[in-house]
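> Take a look at the letters that make up each chain.
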Amino acid sequence: MENKLNLDQAIIDGARAAASRIADALHSWISLYTTTTIERAVARLVGIDGVDAAGVPLPNVLVDRLHEKGLLGHGLLSWLARAMISTGQGPQEIAEAVAGGKLDVSAVPALPEEKWRDLGDGLAAEAAAKITARRLEREQMMATAAPERKPLLYVIVATGNIYEDAVQAKAAALQGADIIAVIRHTGQSLLDYVPYGPTTEGYGGTYATQENFRIVRRALDEAIKETGRYIRLVNYCSGLCMPEIAAMGALERLDMMLNDAMYGILFRDINMRRTLIDQHFSRMINAFAGIIINTGEDNYLTTADAYEKGYTVIASQFINEQLALRSGLREEQMGLGHAFEINPAMEDGLLMEIAQAQLCRELFPRSPLKYMPPTKHVTGDIFSTYLINGMFNLVSILTGQEIQLLGMLTEAIHTPFLSDRYLAIKNARYVFNNARHLGEEIIFKEQGRIQARAVELLNRAYALLKEIEKIGLEEALERGFFADIKRSRDGGKGKEGVVLKEKDYYNPFPEIFLQRSAAKDDDGRAC
Amino acid sequence: MENKLNLDQAIIDGARAAASRIADALHSWISLYTTTTIERAVARLVGIDGVDAAGVPLPNVLVDRLHEKGLLGHGLLSWLARAMISTGQGPQEIAEAVAGGKLDVSAVPALPEEKWRDLGDGLAAEAAAKITARRLEREQMMATAAPERKPLLYVIVATGNIYEDAVQAKAAALQGADIIAVIRHTGQSLLDYVPYGPTTEGYGGTYATQENFRIVRRALDEAIKETGRYIRLVNYCSGLCMPEIAAMGALERLDMMLNDAMYGILFRDINMRRTLIDQHFSRMINAFAGIIINTGEDNYLTTADAYEKGYTVIASQFINEQLALRSGLREEQMGLGHAFEINPAMEDGLLMEIAQAQLCRELFPRSPLKYMPPTKHVTGDIFSTYLINGMFNLVSILTGQEIQLLGMLTEAIHTPFLSDRYLAIKNARYVFNNARHLGEEIIFKEQGRIQARAVELLNRAYALLKEIEKIGLEEALERGFFADIKRSRDGGKGKEGVVLKEKDYYNPFPEIFLQRSAAKDDDGRAC
Amino acid sequence: MQVDLTKVKAYGDTLNDGAVQLSFTLPVPAGEEAREAARQLALKMGLESPAVTEMADLGAGFSFFVVYGRCPHSVDYTAIKIPKREHEIMSFDEVNEFVRRELKKKVVVVAACTGTDAHTVGIDAIVNMKGYAGEYGLERYPEFEAYNLGSQVPNAELLAKAVEHGADAVLVSQVVTQKNIHLENLTELIELAEAEGIRDRMLFICGGPRISHELAIELGYDAGFGPGTLPNHVASFIVKELARRKKQ
Amino acid sequence: MQVDLTKVKAYGDTLNDGAVQLSFTLPVPAGEEAREAARQLALKMGLESPAVTEMADLGAGFSFFVVYGRCPHSVDYTAIKIPKREHEIMSFDEVNEFVRRELKKKVVVVAACTGTDAHTVGIDAIVNMKGYAGEYGLERYPEFEAYNLGSQVPNAELLAKAVEHGADAVLVSQVVTQKNIHLENLTELIELAEAEGIRDRMLFICGGPRISHELAIELGYDAGFGPGTLPNHVASFIVKELARRKKQ
Ligand code: B12
Ligand code: B12
Ligand SMILES: Cc1ncc(COP(=O)(O)O)c(C=O)c1O
Ligand SMILES: Cc1ncc(COP(=O)(O)O)c(C=O)c1O
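Residue numbers (the working numbering), protein chains in the order written: chain A, 1 to 527; chain B, 1 to 527; chain C, 1 to 248; chain D, 1 to 248.
The hints are simulated quantities; they were obtained by calculation from the structure and are not laboratory data. Computed from a predicted structure; not experimentally measured. Hints are not guaranteed to be accurate.
What the hints assert, rightly or not - In silico EDC-like links for lysine to aspartate or glutamate, alpha-carbon gap of 20 Å or less: (1) LYS81(D) <-> GLU32(C); (2) LYS105(C) <-> ASP4(C); (3) LYS445(B) <-> GLU440(A); (4) LYS495(A) <-> GLU478(A); (5) LYS44(C) <-> GLU33(D); (6) LYS179(D) <-> GLU48(C); (7) LYS426(A) <-> ASP57(C); (8) LYS81(C) <-> GLU33(D); (9) LYS44(D) <-> ASP4(C).
To be verified - Covered by chain B, according to a simulated footprint, are these stretches of chain A (three or more residues, beta-carbon under 8 Å): (10) 100–113; (11) 270–283; (12) 346–356; (13) 382–388.
For every residue, glycine included, the Cβ atom is placed at its ideal position computed from N, Cα and C.
Take the sequences, apply the hints, and build the full model.
Spelled out as structure tokens, the structure:
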């Protein structure tokens, strides 16, 4: 990575070290807890699926029962292993029995660890093998697919109906999109369960369900055959069910997940602890599954001013990076988010966008940055929006971004039409091709406006990180450091789902997941 | 002007010197001739206007009679002066008498020069005073108007109906346009007369008539009052009546004229000599009237490939510059044309556009370059066209252009709608403001793609100029050096209007016009 | 150019030319038949001599069109009557002064973005201290007592809070409009309020990017505010309307 | 997703949602009444629940609108029959070979851009040596004798030259279409040819950005060629059609 901005490496190192200490502080307590959704994710990983007569997912039924009886702190898997031994049934049958009232969770007899431990480990190993198989499947498909050209073109489908989504996802792929995200229903992140089966009604998007994952994956696999390119599928690993969605995604070969450490706290008012615990477990799954995560710093600039608060994005990226490393994610799996959200009416705004994008590029040289399009300041004038999106694309090719969320000309109006995506892809292809090597040809004036802005952003981010290191991330969130949103430490949804681990808490997955990441690659980095 | 391209000054000087010798060669014969339209322009300058019963303009009636009788080589003004003395009537009455068959042009008695010379000189001085008054009027209005911001926004109106044009011109000015051109009817340039009065029917544009000039000037003067900005009016000083239109424009306070030395030859198949003689006289008028001319090199790229033949634009600009200097035009009055016409599908095409635009800027640092938008490769996809126009605007602000012809989103479809202009202005304003100082912040890599392209263009232009110097411009036009169009020396329309000047040819205007230009400004340059 | 306001037509470059631009997608593959289908669709909308200026293959059996044509329809502009909020707009100081003078009590407002909608920027712009575009929000008005419940608030909870705080006005924001979810949510709120017998005890005001005053009135609200609304617009309406009702 | 081809509707993001986008200008000043006028105009085109997503003041009493709405109209795609040039397209070599084999004489074409239209790029693309998009033009075909008269050629002059050269085909280009000037010009040419009794002695072929084969047939031409035409398309048509007529 060329250093075009004249950055001071000591400040970069200082910022990273501060973020590391912030993450360490969080990790001093994160591992003490589990949550209802972590345990449900475990249930899903070992094959429990389906719903009861009332439509409640079986992982919820089972975990709720255990929670009611105060048994969750031991870990679902130890209970399940014991139940399997005592009933001679498999995980799914046991869950069905509990749901049908035929098995009382407290009726499963205690057994010494040696008796059930191998069974539990075996179940986990089997689950891990399934995930590994999907990861290898992806790697193989990618190896035979046409080589990728960066930035990758990322579009969303958001019809609310999974069958319509599938049609549109495939059409977008045929038009040239590399990455398709199925946007979620507005309300899903606050549901403390994952809906079941294919769904055809949703507002602002379609429910993330395992069946829906499968349906779109199938459509995109067809597109992969037809285009010879690998097409990535994305969903949202956020809200009250991050670990479960990570599990589902790992099993259905999703390729990317929106999976931020703080998004749920800030934008969904989910309890801090709950979110920080859940993100860790979900990220371990993503890391193991070879999934690229997308962080959500871009969202800060939709509520806070993008020029004023540009530095908060940088600070947050450092924190997200450190937390991600602790979950076993490689830098190459960290789609750190940033955005082109400065008011287009600002004089020299484009220069400021260039500075911010180039800064992200230089600070996180190995990460496939996720660059978000203008959304907040675009209007119903679809022509202007189309143009501004083009300038966004220009900054991207100029600064070497990798994951390009395409701006939609109707951003201010409705979730994208089929034709909006077509036009967006056409826009990006034109700009990327027509300005392909502009980045190589252009040098920024020493201490000019662009360099000065980048330096300012970095310095302010460093100052913020030092401040957060002092007060802790929780306090920083209470004071509204990010996104201009204040969240109290004990407020927010889902805190009742946080459970202190008992001494004998059993969950073999983290170890399995982190093991792989502990292996080193040629550069001596985790892989 | 910063040198961003690492150009070799010796080559620039060489190219300019070659162009100068090409112009000298032309001027060895240009001054030997007059043309019907030059003499008609003289008639118009001294106040002859209106049409005869058959609708033929009186300047034509008079000049045709003189031409028929072989009298034109002496110059219309000496005849007119003598006719005034012999009849005691004014120019207009005399013209009317000729048209009405009441005065036979050969019946005007010969008189020794001392008898009519003062009268002739007086008529010319009076005409010059009128033009000077309009020039001062403009200068005053500009002095009190809001300061201009470059690039100036230039739009066209082209309804075919002058009243509709006036409404739209004013609306465009209110929306922020700085310059309004009224596009001409498709057929006008081949008319060997200037239509008379207001016109409401035209295809592709509206006839240039003196009354039409007045109508739009009035509408724009209203806009000047309402906006506090000076709004420039443009028309086409080209075709078979260049000198007459220049005269009309000078009298009606037009501010710019499309006025190229070769456009008529190449794009209208007008006779070479006719065009080269006419352009010289018309440019002297424009020079004296303080009008900025716009040259037409951009048009070459609509018939020839813009990437392959980019250097022909540069060569032609050097020639146009030298010819313009010989007509008394200051560099500040030379809106040398170039264009953004490289196929948008070309990889790194934007870099090539930047190179060409920056090159023009550095070669002609004092000239208000006229930068033409993409036209040839845009399509009926109005969204894409809007975006490409935005990239054009970006190159303009990046390279310091001055006169920005705004691209229309419906370029491939129809002459502009009112809303097309609005959107075009919005596009330019956004890009210029958002990237205001980008040019100052960016340096081109030494010998990178951009610099290499600029050097290649300059070298090839220099080679072409040396070649033309050898063979003469006429031969170059015969061989299709410009626009991929071949024109034979003796072909083309209007050659019957070329008249060898007699020894006693009388026309005081060139001297008056060139006199002013001979005055020097602070920098020691003609002003 | 003299426009006949009883017969206003679209304007391209000549009065009454009726020029309009259209774009749409058809679920048929690109080709001459598709182009003709696009033309026919434009004809069905009444357009005269529609020209398909762009046809693009979108893959998967879809094609996209840009069409220009001449629309013969006209609108009687003179007959258009828009229900408008009648109260004039006052400044921050004027509003507070007005409350002190005319209402003589603090104005209580309870605000939320309801349903599953999580877009708080709009309601925050009106209510939060900081305000919008340089105008302070209602929280900053000394004569207002404002409660911002945030986003994704169920209608029932909003009403309960309104009663609890003795609200003079309920402010509700709706941004997501897909499948008209905003209309459903807004209707439900009014129905609930009526069922609870509190509809007339307070003002009900809604806002959002697709809300107009007209629409709000139709839905049974007292006022509606769309894009570009500033806090003092809302404050002015509330206090003037409260004063008007007080007098009755 | 099963499309009913007898009732094809516009597609936004759901089958049969009828979504279309419109933009236009109205000669009334921007304001709530103007916005409503825009909405009403969309309603008159039959759109359901039209939403005006943008209104801009254009100055001088005009305003510009972007509208989205749902178009209930549908088109019977199965009933669309497009007159098509039936001859298959041959390559440069195939055409020349065909002429040698079937016509046994050089094919003479006379081409021009007529009236006051000066756009030669299109006709040059078809006729000149260089051709277009990598395809050689007719001048380069050994079995063709092509005369390109250039632009702004009066119809009468074109016909005279066609007779003079014994043309097998007349090629005419029209690019400027404002106020349908192209239709006038093209009609005049055919009328002149009929008046002179030479209409059936040669093929009349027109082309240009707004020309379709269908339109050309309507205007009395033998064929029409629109955007994207390559020289060999035209050459193929000419030689096959000449051969067909020869056989009759
Ligand atoms: C910012 C934003 C977000 C932020 C919201 C952050 C936050 N805390 O608010 C984030 C990134 C979290 C977000 C998420 C989503 N968003 Co969003 N988002 C936007 C965006 C870019 C801007 C909205 C905005 O802030 N506008 C600025 C404010 C000031 O304007 P305003 O809301 O109109 O408010 C003004 C007036 O309307 C009025 N007003 C508004 N409310 C009220 C109330 C009262 C009482 C009064 C008096 C006045 C008033 O006053 C305000 C000031 O003038 C729009 C696109 C766009 N450009 O409009 C999409 C948009 C609204 N989002 C959309 C969607 C679909 C979503 C998601 C559902 C997508 C997903 N599944 O991930 C999620 C989930 C959100 C949910 N559950 O509701 C869609 C909605 C489509 C539709 N028409 O139905 C849009 C249009 C984008 C798109 N084209 O797809 N979004
Ligand atoms: C290049 C160009 C010019 C050049 C022309 C140079 C030249 N020697 O041809 C110059 C700069 C001189 C010019 C001038 C003017 N132009 Co012009 N010009 C264009 C432009 C940018 C491109 C046209 C073009 O070359 N297309 C490329 C060719 C290859 O495409 P094509 O013509 O469609 O040809 C293809 C097919 O249609 C077909 N075809 C065409 N003809 C024929 C004939 C036959 C027999 C066959 C088989 C096939 C065939 O095959 C070709 C190859 O596939 C268009 C805008 C645009 N982007 O389309 C405006 C445009 C055509 N011009 C326009 C106008 C108004 C003018 C002027 C009148 C403006 C003025 N008053 O100054 C002048 C005067 C010209 C005149 N008297 O006619 C308008 C026409 C508006 C309308 N619809 O009526 C346009 C659309 C621009 C605009 N939006 O205002 N122009
Ligand atoms: C990191 C991240 N997670 C999640 C979401 C949205 O999904 P939801 O709010 O439905 O969880 C976003 C929004 O774009 C996001 O950036
Ligand atoms: C220099 C110049 N003169 C004239 C014209 C066109 O006008 P006309 O051909 O009607 O003279 C153009 C076209 O853009 C031009 O560039």
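> Report holds or violated for chain B covering the region 382–388 of chain A, Cβ cut-off 8 Å, minimum 3 residues.
Coverage by chain B holds here, the residue count being 6 at a Cβ distance below 8 Å.
> Regarding the pair LYS105(C) and ASP4(C), is the alpha-carbon distance no greater than 20 Å?
Between LYS105(C) and ASP4(C) the Cα gap is close to 51 Å, so the pair fails against 20 Å, i.e. violated.
> Quick one, are LYS44(C) and GLU33(D) close enough, alpha carbons at most 20 Å?
Not satisfied, since the Cα-Cα distance of roughly 27 Å exceeds 20 Å.
> Do three or more residues from the region 100–113 of chain A put their C-beta atoms closer than 8 Å to C-beta atoms of chain B?
violated (count 0)
> Quickly compare the C-alpha distance for LYS426(A) and ASP57(C) to 20 Å and report which way the hint goes.
12 Å, holds
> For the pair we were handed, LYS81(C) and GLU33(D), check the Cα-Cα distance against 20 Å.
With a Cα-Cα distance of about 7 Å, the restraint between LYS81(C) and GLU33(D) holds, given a limit of 20 Å.
> Does GLU440(A) sit within 20 Å of LYS445(B), going by the straight-line distance between their CA atoms?
8 Å, holds
> In terms of beta carbon proximity below 8 Å, does the region 346–356 of chain A have 3 or more residues touching chain B?
With 6 residues close enough to chain B, the hint holds.
> Going straight from one Cα to the other, do LYS81(D) and GLU32(C) come out at no more than 20 Å?
9 Å, holds
> Okay, the region 270–283 of chain A and chain B, do three or more residues pass the C-beta test at under 8 Å?
violated (count 0)
> Regarding the pair LYS179(D) and GLU48(C), is the alpha-carbon distance no greater than 20 Å?
13 Å, holds
> If you draw a straight line from the CA of LYS495(A) to the CA of GLU478(A), is it 20 Å or shorter?
The given pair, whose Cα atoms are some 16 Å apart, holds under the 20 Å limit.
In the structure shown, a violation is registered for the earlier hints numbered 2, 5, 10 and 11, in ascending order.
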